[in-house]
Amino acid sequence: MTETLRRHRGAGVIALLALGAALALWADVNAGYRSISMEELGQILSGTAPASLAYTLVELRLPRVLTALLVGVGLSLAGCLLQGVSRNDMADPGVLGINAGAGLLVAAFIVFVPAGAVPSAVALPLLAFAGSAAVAFAGWRLSVVRGASSPRRLLLIGVALATGLSSATSLLMLSLPDGDYAFVQNWIAGSIWGATWENVAILAVGLGVLTALALYGARTLNVLGLGAAAATGLGVAVPRATAALTAVAVGASGLCCAVGGGLTFVGLVCPHMARRLVGPNFRLLVPASVLVGAILMLAADIVSRTLLSPNEIPVGIVAAVIGAPYFLYLLARS
Amino acid sequence: MEPTVTPSTTGEGKIAFCETCDRTCERFADAALRGEAVAVGYGDRLIIEPLDVAVPAGEVTAIIGPNGCGKSTLLKALSRTMPLVGGAVYLDGRAIAEMPTAEVARKMALLPQAPEAPGGLTVGELVALGRYPHQKGFGRLAARDREIIAWALAITHLGDFEARALDALSGGQRQRAWIAMALAQDTDLILLDEPTTYLDMAHQLEVLELLRDLNRREGKTIALVIHELNLAARFADWMIALKAGSIRGAGTPEEVMTPAMLQDVFGLDALIEPDPWTGRPSLVSYRLAR
Numbered sequence: 001m002t003e004t005l006r007r008h009r010g011a012g013v014i015a016l017l018a019l020g021a022a023l024a025l026w027a028d029v030n031a032g033y034r035s036i037s038m039e040e041l042g043q044i045l046s047g048t049a050p051a052s053l054a055y056t057l058v059e060l061r062l063p064r065v066l067t068a069l070l071v072g073v074g075l076s077l078a079g080c081l082l083q084g085v086s087r088n089d090m091a092d093p094g095v096l097g098i099n100a101g102a103g104l105l106v107a108a109f110i111v112f113v114p115a116g117a118v119p120s121a122v123a124l125p126l127l128a129f130a131g132s133a134a135v136a137f138a139g140w141r142l143s144v145v146r147g148a149s150s151p152r153r154l155l156l157i158g159v160a161l162a163t164g165l166s167s168a169t170s171l172l173m174l175s176l177p178d179g180d181y182a183f184v185q186n187w188i189a190g191s192i193w194g195a196t197w198e199n200v201a202i203l204a205v206g207l208g209v210l211t212a213l214a215l216y217g218a219r220t221l222n223v224l225g226l227g228a229a230a231a232t233g234l235g236v237a238v239p240r241a242t243a244a245l246t247a248v249a250v251g252a253s254g255l256c257c258a259v260g261g262g263l264t265f266v267g268l269v270c271p272h273m274a275r276r277l278v279g280p281n282f283r284l285l286v287p288a289s290v291l292v293g294a295i296l297m298l299a300a301d302i303v304s305r306t307l308l309s310p311n312e313i314p315v316g317i318v319a320a321v322i323g324a325p326y327f328l329y330l331l332a333r334s
Numbered sequence: 335m336e337p338t339v340t341p342s343t344t345g346e347g348k349i350a351f352c353e354t355c356d357r358t359c360e361r362f363a364d365a366a367l368r369g370e371a372v373a374v375g376y377g378d379r380l381i382i383e384p385l386d387v388a389v390p391a392g393e394v395t396a397i398i399g400p401n402g403c404g405k406s407t408l409l410k411a412l413s414r415t416m417p418l419v420g421g422a423v424y425l426d427g428r429a430i431a432e433m434p435t436a437e438v439a440r441k442m443a444l445l446p447q448a449p450e451a452p453g454g455l456t457v458g459e460l461v462a463l464g465r466y467p468h469q470k471g472f473g474r475l476a477a478r479d480r481e482i483i484a485w486a487l488a489i490t491h492l493g494d495f496e497a498r499a500l501d502a503l504s505g506g507q508r509q510r511a512w513i514a515m516a517l518a519q520d521t522d523l524i525l526l527d528e529p530t531t532y533l534d535m536a537h538q539l540e541v542l543e544l545l546r547d548l549n550r551r552e553g554k555t556i557a558l559v560i561h562e563l564n565l566a567a568r569f570a571d572w573m574i575a576l577k578a579g580s581i582r583g584a585g586t587p588e589e590v591m592t593p594a595m596l597q598d599v600f601g602l603d604a605l606i607e608p609d610p611w612t613g614r615p616s617l618v619s620y621r622l623a624r
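Order-wise, the sequence lines are chains V and E. First residue of the first sequence? That's 1 in the working numbering, and the numbers climb one at a time after it. First residue of the second sequence? That's 335 in the working numbering, and the numbers climb one at a time after it.
Quick caveat, the hints were computed from the structure, so don't treat them as lab data. A few of these clues could be false.
Pulled a few chain E residues facing chain V out of the computed Cβ check, cut under 10 Å [to be verified]:
hint	residue
1	Ala439
2	Leu455
3	Gly464
4	Phe472
Glycine included, C-beta positions come from ideal geometry on N, C-alpha and C.
Sequences and hints are given; from them, build the entire structure.
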């Protein structure tokens with residue numbers, strides 16, 4: 001009876017979060033130097049709006065806002081999975097060195113490829129994704145000792161890789177002229193760029209599939225939470241399940257890194273917030289994390305675009321400014 | 335207890351189930367879980383010397399031995415949570431290594447030593463995880479699953495604790511919740527690694543009486559690693575004594591709980607008398623053997 005009650009409560013919280021995400025989306029669409037009224041939205045939808053208004057909303061703002069939402073979804077999903085698989089609350093994509101791998105390739109592209117030789121809107125997302133995946137794979141390979149990887153080793157190696165790769169990136173950046181330096185610095189701090197409808201479509205489809213896989217893996221994540229021995233006893237092939245779920249997390253964070261740069265904190269903090277709301281059961285925690293991630297990124301995007309308008313603050317910095325105090329509060333409490 | 339079995343005092347290295355009883359022994363052949371020439375180790379160092387071991391079906395088996403003798407390691411090897419460097423383990427006569435892990439989990443449940451659950455997990459949620467090997471797809475609980483979960487909670491006297499967080503329970507209640515999870519797995523065989531460690535005497539008895547009831551009433555085969563010799567002798571039908579990675583004796587408590595065996599396995603000079611209440615052999619006093 002009480003278990004049913006709890007599940008209903010969880011479903012209620014998720015419905016509220018979904019509503020919150022919808023409101024945040026509307027608020028973010030309206031944030032900026034020009035807000036859009038319901039009336040104008042109606043005009044755009046019916047095709048009777050002035051061309052400039054339609055262009056501002058449909059070609060500029062909407063893709064940007066949706067990208068922010070999706071990046072929040074993906075990073076939070078990745079953090080949720082990594083924290084579950086490693087049974088470590090401090091795990092997030094940044095800790096695995098994934099962001100640092102992407103950052104190094106992006107910096108290398110700016111340093112070594114002459115401007116205009118390859119369109120950066122195409123090259124950078126691909127390089128960022130390749131860098132993330134390569135570092136994730138290298139970390140996993142290095143963590144295999146006597147035929148088995150352990151999440152603990154994976155995290156320690158990730159921290160080492162992240163530090164090394166960041167130093168290499170800094171070294172590369174020393175040779176950059178000021179403008180390029182600022183671009184790479186912005187990228188590493190985490191800012192949404194390349195927000196086109198094509199990228200939104202890729203992100204939406206990719207993250208949709210990965211979220212479905214995570215929901216499918218939720219019951220296995222719950223069992224992995226009991227530790228490797230108990231999980232084996234319950235019939236989980238622990239190494240295979242861990243590798244599969246980590247791959248889902250790496251895919252999600254790689255996609256986000258490709259358009260959001262080196263965003264940290266979102267993947268770390270959002271699953272914590274979600275856990276406080278719905279508890280440790282991943283069947284509720286996965287959807288809740290994804291929604292909290294969307295809300296936090298939309299909120300950060302609003303601040304990033306309006307605080308110093310018309311200038312932008314990298315959204316990653318805003319997210320960290322929101323996330324860091326909350327995280328300190330969490331640590332102080334536990 | 336047909337075959338007369340005397341404790342083995344086999345020397346190091348020799349493969350032996352027990353001295354008068356080899357692989358042709360009835361108990362060995364009909365065992366619920368059987369290890370043949372099982373060896374475990376890292377690199378060149380063997381923690382478990384190649385040994386034969388059997389968990390007799392329908393009985394309570396206690397694995398005893400001093401710290402570091404490999405008794406937990408043996409249980410891990412038998413439960414496939416630790417890789418073997420040699421030999422094979424058979425569950426109902428089939429090699430475990432060749433069975434899908436979920437199928438093994440439908441026949442054999444495992445309660446590891448001092449297991450930990452994520453903070454905030456409720457008793458009901460923990461016990462529901464025991465249904466994992468029986469579920470498919472997204473894992474919604476079917477009516478049959480709910481029935482078994484309710485039974486597991488009732489038999490462990492946790493019916494009123496379903497919605498309580500596991501970390502808010504006492505040590506004894508928490509151990510019962512884990513046992514309930516293993517019961518929800520609905521297996522004939524349950525392995526437990528030191529289920530009474532960290533519990534006070536009353537809670538130790540409570541857990542062991544629960545396990546014996548499950549054996550007697552529900553026909554579960556139970557094997558556990560345990561430190562307390564008197565409790566082992568009191569509740570077990572079969573005892574396996576381990577020292578330095580090899581089996582020094584296997585048999586009924588009367589056969590294993592002898593001064594000679596305790597001298598050999600623990601280096602103790604032991605005074606053993608039948609317990610006036612239970613009739614089982616009991617350690618009345620002991621000192622380090624000179």
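Among all the numbered hints in the text so far, which are the ones the structure does not match? none
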